[in-house]
Amino acid sequence: QKEVEQDPGPLSVPEGAIVSLNCTYSNSAFQYFMWYRQYSRKGPELLMYTYSSGNKEDGRFTAQVDKSSKYISLFIRDSQPSDSATYLCAMSGYTGANSKLTFGKGITLSVRP
Amino acid sequence: NAGVTQTPKFQVLKTGQSMTLQCAQDMNHNSMYWYRQDPGMGLRLIYYSASEGTTDKGEVPNGYNVSRLNKREFSLRLESAAPSQTSVYFCASSAEDRSETQYFGPGTRLLVL
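If you're matching them up, the sequences are chains A and B in order. Quick note: the first sequence, position 91, residue 93 per the working numbering, numbers continuous. Quick note: the second sequence, position 71, residue 93 per the working numbering, numbers continuous.
It is worth saying that the hints were derived from the structure and are not from the lab. Glycine included, C-beta positions come from ideal geometry on N, C-alpha and C. Please note that a few of the clues may not be correct.
Below, simulated PhoX-like cross-link-like pairs (lysine-lysine); rule was C-alpha separation at most 20 Å, straight line [unchecked claim]: (1) A:4 / A:102; (2) B:36 / A:102; (3) A:102 / B:31.
Distance windows between CB atoms, simulated [claimed, not checked]: (4) A:58 / B:36: 46 to 52 Å; (5) A:57 / B:49: 26 to 32 Å; (6) A:80 / B:42: 41 to 47 Å; (7) B:25 / A:42: 41 to 47 Å; (8) B:49 / A:62: 43 to 49 Å; (9) A:43 / B:83: 23 to 29 Å; (10) A:71 / B:95: 29 to 35 Å; (11) B:25 / A:69: 43 to 49 Å.
These stretches of chain A come out as covered by chain B in the derived footprint (C-beta under 8 Å, 3 or more residues) [said to hold, decoys possible]: (12) 36 to 46; (13) 78 to 85; (14) 104 to 111.
Sequences are here, hints too, so could you generate the full structure?
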């Protein structure tokens, strides 16, 4: 079993839809949970960051972590064509020197106008 | 502010040729990373450098070498390229106390024939 599993997609939704992206993980030591967004032919960029369990909201984006289920989610409300990108979840057990991120494989989202 | 820069953007090699991928960051970050991204495989860490003068292997180091030339620059060398090394290579950097926030370069697309 891979440490981090992410639905491969792709996912296509109409503009205005609510999007739910999910990752599961097996390593109970993970404490830091990130979502990176990657536009086509660009490098990934950090979208959301959550420490431990709970929710975090930033505009139309909500990140949710359920450590008891080893499950994280990213919700996008009122999705826009500009949200079309690949979304990668990432996790680590600690922050600081020598810390490494474990990434999911990414899911490609397309928002149709 | 350039952030993380990578050269070249695109390269075609023949099997057995060597090349060096260059990466530089201007954010005064201690940590730097090299990833490869392949379809269906996500981002996989090749090597990382927690600070100037140190380098460590990541998940897929075979066939690669790295040099942390100074705090700004981290290069990746392929001594004898193989078709299996066809990929998109990303360099990233992070501050020592914020390793969950990695800043990525635009990537180098490498094709090995």
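Status of the hints after comparison with the structure:
no.: 1; hint: A:4 / A:102; result: holds, 16 Å
no.: 2; hint: B:36 / A:102; result: violated, 32 Å
no.: 3; hint: A:102 / B:31; result: violated, 25 Å
no.: 4; hint: A:58 / B:36: 46 to 52 Å; result: holds, 48 Å
no.: 5; hint: A:57 / B:49: 26 to 32 Å; result: holds, 29 Å
no.: 6; hint: A:80 / B:42: 41 to 47 Å; result: holds, 45 Å
no.: 7; hint: B:25 / A:42: 41 to 47 Å; result: violated, 19 Å
no.: 8; hint: B:49 / A:62: 43 to 49 Å; result: violated, 28 Å
no.: 9; hint: A:43 / B:83: 23 to 29 Å; result: holds, 26 Å
no.: 10; hint: A:71 / B:95: 29 to 35 Å; result: violated, 42 Å
no.: 11; hint: B:25 / A:69: 43 to 49 Å; result: violated, 32 Å
no.: 12; hint: 36 to 46; result: holds (count 5)
no.: 13; hint: 78 to 85; result: violated (count 0)
no.: 14; hint: 104 to 111; result: holds (count 4)
Hint violations for this structure: numbers 2, 3, 7, 8, 10, 11 and 13, all remaining hints satisfied.
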